[in-house]
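There are 2 protein chains.
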Amino acid sequence: MARDLILGIEVVTADGTVLHGLRKYLKNNTGIDLKQLFIGSEGILGVITRAALRIFPAPTERQVMLCALHSFAQVSSFLDIARQHLDGELTAFEAMWNDYYRLTVERVNGMIRPLPTHYPFYVLLEASGNDAERIHADLEELLETALGEDMILDATLSTSKASAAAMWRIRDSTLELGRTFPYVSRIGFDVSLPIDRMDEYEKAVGLRIKAIDSRAFAIVFGHAGDGNLHLEVHHEHTPERREEFEKLVYHITGDFGGSISAEHGIGILKRPYLKISRTPDEIDMMRALKRTLDPKNILNPGRIFKL
Amino acid sequence: MARDLILGIEVVTADGTVLHGLRKYLKNNTGIDLKQLFIGSEGILGVITRAALRIFPAPTERQVMLCALHSFAQVSSFLDIARQHLDGELTAFEAMWNDYYRLTVERVNGMIRPLPTHYPFYVLLEASGNDAERIHADLEELLETALGEDMILDATLSTSKASAAAMWRIRDSTLELGRTFPYVSRIGFDVSLPIDRMDEYEKAVGLRIKAIDSRAFAIVFGHAGDGNLHLEVHHEHTPERREEFEKLVYHITGDFGGSISAEHGIGILKRPYLKISRTPDEIDMMRALKRTLDPKNILNPGRIFKL
Numbered sequence: 075m076a077r078d079l080i081l082g083i084e085v086v087t088a089d090g091t092v093l094h095g096l097r098k099y100l101k102n103n104t105g106i107d108l109k110q111l112f113i114g115s116e117g118i119l120g121v122i123t124r125a126a127l128r129i130f131p132a133p134t135e136r137q138v139m140l141c142a143l144h145s146f147a148q149v150s151s152f153l154d155i156a157r158q159h160l161d162g163e164l165t166a167f168e169a170m171w172n173d174y175y176r177l178t179v180e181r182v183n184g185m186i187r188p189l190p191t192h193y194p195f196y197v198l199l200e201a202s203g204n205d206a207e208r209i210h211a212d213l214e215e216l217l218e219t220a221l222g223e224d225m226i227l228d229a230t231l232s233t234s235k236a237s238a239a240a241m242w243r244i245r246d247s248t249l250e251l252g253r254t255f256p257y258v259s260r261i262g263f264d265v266s267l268p269i270d271r272m273d274e275y276e277k278a279v280g281l282r283i284k285a286i287d288s289r290a291f292a293i294v295f296g297h298a299g300d301g302n303l304h305l306e307v308h309h310e311h312t313p314e315r316r317e318e319f320e321k322l323v324y325h326i327t328g329d330f331g332g333s334i335s336a337e338h339g340i341g342i343l344k345r346p347y348l349k350i351s352r353t354p355d356e357i358d359m360m361r362a363l364k365r366t367l368d369p370k371n372i373l374n375p376g377r378i379f380k381l
Numbered sequence: 075m076a077r078d079l080i081l082g083i084e085v086v087t088a089d090g091t092v093l094h095g096l097r098k099y100l101k102n103n104t105g106i107d108l109k110q111l112f113i114g115s116e117g118i119l120g121v122i123t124r125a126a127l128r129i130f131p132a133p134t135e136r137q138v139m140l141c142a143l144h145s146f147a148q149v150s151s152f153l154d155i156a157r158q159h160l161d162g163e164l165t166a167f168e169a170m171w172n173d174y175y176r177l178t179v180e181r182v183n184g185m186i187r188p189l190p191t192h193y194p195f196y197v198l199l200e201a202s203g204n205d206a207e208r209i210h211a212d213l214e215e216l217l218e219t220a221l222g223e224d225m226i227l228d229a230t231l232s233t234s235k236a237s238a239a240a241m242w243r244i245r246d247s248t249l250e251l252g253r254t255f256p257y258v259s260r261i262g263f264d265v266s267l268p269i270d271r272m273d274e275y276e277k278a279v280g281l282r283i284k285a286i287d288s289r290a291f292a293i294v295f296g297h298a299g300d301g302n303l304h305l306e307v308h309h310e311h312t313p314e315r316r317e318e319f320e321k322l323v324y325h326i327t328g329d330f331g332g333s334i335s336a337e338h339g340i341g342i343l344k345r346p347y348l349k350i351s352r353t354p355d356e357i358d359m360m361r362a363l364k365r366t367l368d369p370k371n372i373l374n375p376g377r378i379f380k381l
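Chains as they are written, first to last, in this note's numbering: chain A, 75 to 381; chain B, 75 to 381.
Some hints could be false.
Given that identical chains are not distinguished, each listed pair holds provided it fits within a single copy or across any two copies.
Lysine-lysine pairs mimicking DSSO-like chemistry, simulated, CA-CA at most 27 angstroms apart [as the list claims (entries may be wrong)]:
hint : residue 1 : residue 2
1    : Lys98     : Lys277
2    : Lys98     : Lys321
3    : Lys380    : Lys349
4    : Lys349    : Lys101
5    : Lys98     : Lys349
6    : Lys321    : Lys101
7    : Lys101    : Lys235
8    : Lys380    : Lys321
9    : Lys321    : Lys284
10   : Lys321    : Lys277
11   : Lys101    : Lys380
12   : Lys101    : Lys277
13   : Lys349    : Lys284
14   : Lys321    : Lys349
The set of hints was computed from the structure by calculation and includes no laboratory data.
Take these sequences, add in the hints, and give me the full structure.
Below, the structure is given as structure tokens:
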């Protein structure tokens, strides 16, 4: 989380005051932690002009394992044992539903196909550190345990930086996949959900989309490790239909107790849906804070909510 | 940091509103992150009634290494290589200045003495995980590297849970040490500083204390890994003297750009010193937030600042 890496910030407030908070140590429990108010609030309370970040040396070695699994319950169990085996070495755990993996390796130019396309779920897992042999040994041990417990159906390990990069390209080619469908429009969603509801959520979204338009479909992938799911609805474009799909997915997300924006914020486009992820009391408090810190509504007006 | 482990909270505000924010996922970028305002603000903005925490399985194995070093610069270099070698396994890096280690092992009942008492600095380092052999091998490798580069002068590794606990007792016996000085009063401080200023800071505090009272002394130890230093001034007690030492240490902390409370908050006792770690503009903004969320000043009034 970016928030956890921010040691201090300098902020200019609505009345021109410069808040000098560019401190460079981690622990500072002296009154209200003001920087927390500005981080992630899209500039509506102040303008961040400088920031001090906590940084770490980049790991020299990254290795990747792609696995196939037969159910989302297994994806979830596999995440648990991957955490146990790899601990701090685990740097990515990306779940892909069948449609996403299959369509990407079949349709996007230049994709490798490290595993067959008929498995229900795929996980791309990355382990990082400074000791290549150890990471490799740890991944092999994890693989052995997971195969031994019938948790995964099939798997392949990267053998070089190039093969690791080729596997990552499968996960990173959502835009390219979208372009392979002529006359089809793509709506991207970025939601958070408790991991134990992801499977049911994906099924509910898929069914309700088909009920509106039998040719539309959703592809789903995400950083299952932190509860963040990306979902893309592909459909034949009319603006009205687009709005209908947006409303549908956001309301299902609300029904599942999820967040309508895990990473990207509210901005203007998602403003009508803020009330799905925040209660009326929470939104009232946000407005009260905005009025206190920016009474003339001059800072990024109209973002997140209208005053 | 406790803040980073909090997924969601339920808060009762001054007007009796219950803010339902007990969400259980990590990423939620939908408007101002209100929970951040309540965490660590000592109840002056609302009463936290429930919290959802992120938890991790406890490691099954903890091993400890006690090292002696000849300068604070070496403590800092040793921290860097310990991070490189141990990465996620490094769970404590506690620096002790000579006075602290020497007085504790000499005066407190039941202490072991794993290393001689004449070294300028000591570090108690802990590595944790689930694989005892690996942790031991990693600590030995770190030890070899550090000795090879003349970074440490002497070291000893725990050989059992009991010996690890005995080493931790040296670090954890500050209260017991205080009680070995009859008629001496102890003032505890909890400050944050950039690590590259800690050595100079300790020297400045020591000199200025002696200038007030030649029999007073400071013992210093801390979680150097996160910039947090604990400092205790021992002196013969009169209330006036106590206040003089408090003012002295807090003002030196301010001169070094540090925080006067890394972990423990402001409360009432440190209220006069808040302005050392926060600018007048920051304190004004805290007051404005307090007035907005608690206009009648009924929530923990008088904590952090007077309205």
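Checklist entry - Against the structure shown, which of the earlier numbered hints fail to hold, in ascending order? => result 7
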